[in-house]
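**Q** Note that this note's numbering gives residue 110 to position 110 of the sequence shown, counting from 1, and the numbers run on in steps of one.
None of these hints come from the bench; they were simulated from the model.
Please note that the accuracy of each hint is not assured.
What the hints assert, rightly or not - Across the chosen pairs, the derived CB separations fall in these ranges: (1) Glu25 with Asp103: 18 to 26 Å; (2) Ala100 with Ala126: 29 to 37 Å; (3) Arg12 with Pro104: 34 to 42 Å.
Here the structure is a predicted model, which is why all the values come from computation and not from measurement.
The beta-carbon is built from N, C-alpha and C at its ideal position, and this holds for glycine as well.
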Amino acid sequence: MTRSTLPDVTTRSPLIVVLDDDPHECTLLGTLIQDTWPRCAVQAGPPTAALLRDLTRPDGLRPDLLIVEQDMPGCMGLDILRTVRASPGGQTLPVVILSADEDPRGAAAAHHAGASAYHVRPTAPAAYRALLADLLRTFLPDRAD
1 MTRSTLPDVT TRSPLIVVLD DDPHECTLLG TLIQDTWPRC AVQAGPPTAA LLRDLTRPDG
61 LRPDLLIVEQ DMPGCMGLDI LRTVRASPGG QTLPVVILSA DEDPRGAAAA HHAGASAYHV
121 RPTAPAAYRA LLADLLRTFL PDRAD
C-alpha cells in the first residue's frame, strides 16, 4: 500500500503500535487499549526488522502512537526511538518508552533521545489502564473516545 492510498488520518481509527518482546505484555496492552477504546486499532508484537523498516520508510507504517518496551533482548527501546526519530516524519510521532526500571537515569536518557514520555510499567491492570487513558488523552486528544 502506498502512502497516497492510506486512509485519511482524520477518518480512520487511531493506530497504536506496541513493540515488546513479551507476548503476554503485548496481549495485555492490546486488550487494555481495545477494552477502553474499541475504535483504536492495535498492532502489538516484537520489533522485527521488517516492522522497523516499515516504520522508518517515508511511505511506511504511520501509527498515531508508538509504545516501546525499553529492555528487550538484542534490541533496546532507546535504539528503536533513535532510529524512528532519524527517519522522515519520525520527529513528530509520539513515542512512549515503558520500562521496569525505576532509576531516574532511564527516564533522563529516554527524554534525551527524544521520547515523548517515559513510564515505569505499572503492575496492576487498573493502574495500567489509567496510564494508557492518560497517554491517549495526552497524545491523541482529538481522537480519544
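**Q** Against this structure, judge whether each hint is valid.
**A** Here is how each hint holds up against the structure:
1. Glu25 with Asp103: 18 to 26 Å: Given about 20 Å between the Cβ atoms, the range holds.
2. Ala100 with Ala126: 29 to 37 Å: Since Ala100 and Ala126 have Cβ atoms about 18 Å apart, the given range 29 to 37 Å is violated.
3. Arg12 with Pro104: 34 to 42 Å: Check passed, 37 Å falls within 34 to 42 Å.
In summary, the structure is inconsistent with hint 2 from the numbered list given earlier, while agreeing with all the others.
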